[in-house]
Every structure is written in structure tokens, then in C-alpha cells.
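Novice: Sequence:
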Amino acid sequence: MLVSENTRAAYPIEYIPNAKIPCVGPHPKNVILLACDAFGVLPPVSKLSLAQTMYHFISGYTALVAGTEDGIKEPQATFSACFGAAFIMLHPTKYAAMLAEKMQKHGATGWLVNTGWSGGSYGAGNRIKLAYTRKIIDAIHSGTLLKASYTKTEVFGLEIPTEIEGVPSEILSPINTWSDKKAYNGSLLKLGGLFKKNFEVFTSYKIGKDNKLTEEILAAGPVF
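Mapping the sequence shown onto my numbering, position 190 (from 1) lands on 190, and the numbers just tick up by one.
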């Protein structure tokens, strides 16, 4: 068997002594979308509106960095609709409509969690510490992050908390971590442009039962 730098393994749930079987639970109150941003401009965590959740769900953005796939030596932005384009059977907008309906019905909140770079792009900045990401996830699930104070970013219009227990406040707003603000703005606009270009193929599709949600989702992307 070949072992790669990004190996996975699977095993029966019964192999876990304290597993709760059947493995079912209530409807989630939080929908967390994960991204690994190698441009270093997405916040460690953002609270999303329903339309923003659908926009980022359909976009499925992350970055391929060295070690994630064979042959990748430099970071590459990649978009995989619904975070699994190779495996879905229906059009991505169909899944977005279903997710939006369930989130509205059960009152779920969308979040975008970035596990990528801070203080600069890949090669210049630093990877966001796993300990900070864990604190962020804990704050989401405990409900404390929902009650936090927020500010809004430029271009992507993301709501970012001003404070999270156990996470340095200065890293919550990406621009604060860059010493070269001009380089930050350039990287931000570059990523925003990639999002816009990727989403062009979805602009002619109706999402949901009427066009209201469609219009809101189209307006939820980067603006510059």
C-alpha cells in the first residue's frame, strides 16, 4: 500500500467503544464551511447571512498547497461546488436551495472558518494555529460567538467578531496582521476576482422557489 502525505483511513463505527449507535442527532444549529485560504485575506471566522452561506457553499473555495495533492508545489486557488463537485449528481444550485430551506426551517446559522494563512499569503504569512481554530469552533457551538460584537470587512462583506476567548483579537481582522497594507489589498482584490470569475457559470440559474433568494445570493459575493 502506498502512503501519501495526505492519507485517509476508514473503519466501522463499532470499532469505537463509546460510539453512540445509531449515529443520529438533532438538526444542527450551525453550518460551518471550511476554507484554507492561501492568500491570507479571509478572516479566521466569519458569521454569514443565509445568502452568503449559499454563495460560499456553491463556490466551495479552498487552496491546494504542497502536500495536499500529488504534484502540487505552489499554492493554487480552487473551487469545488458544494465542496464536492466531483461527487454530486444534481446541479449545485439544487443542493444550495435544499440547504437554504433546511437552514431557514431549523434556524441554523452559517459560518465560514478559515484554517489557512494570516499575516501574509502562503510563503510569507503564518498558518492559523490549530489551537485558535479549536477555540473558534468551541465558541460557535457554545453559542457565545452568536452574541459577539461584529465588524464588516471590505470586498467580501464578511462579519467578523471583535473578540473570541482564547484567540488574539488582532488576528480576527486579516488586514491587521499584514505589515504591507498595499500587498494585502492587492491579494484581497485578486481573490475577489477569482470568486467573481468562478461564479459566472451560476448567474443564470434560479435558486429556490422564487428569484428573491437568487438575487440575494448573487449580491452576497465580493464587491469592488
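Because the hints were derived from the structure by calculation, they are not lab data.
Since the structure is predicted, the reported quantities are computational estimates derived from the model, not experimental observations.
You may find that some hints are simply not true.
[Stated by the list, open to error] Now the in silico label distances, taken between C-beta atoms and shown as ranges:
#, residue 1, residue 2, range
1, I21, Y205, 19 to 29 Å
2, T144, Y205, 17 to 27 Å
3, M89, D180, 37 to 47 Å
4, T151, P17, 15 to 25 Å
5, E200, P12, 42 to 52 Å
Don't be surprised by glycine CBs; every beta carbon is placed ideally from N, CA and C.
Novice: Against each hint, give a clear statement of whether it holds in the structure.
Specialist: Checked hints:
1. Look at I21 against Y205: about 40 Å separates their beta carbons, and that is not inside 19 to 29 Å.
2. Checked against the hint of 17 to 27 Å, the C-beta distance between T144 and Y205 comes to roughly 37 Å, which is inconsistent with it.
3. Against the hinted window of 37 to 47 Å, the Cβ-Cβ separation of M89 and D180 comes to about 45 Å, which satisfies the hint.
4. At roughly 45 Å, the beta-carbon separation of T151 and P17 lies outside the given 15 to 25 Å, and the hint is violated.
5. Checked against the hint of 42 to 52 Å, the C-beta distance between E200 and P12 comes to roughly 43 Å, which is consistent with it.
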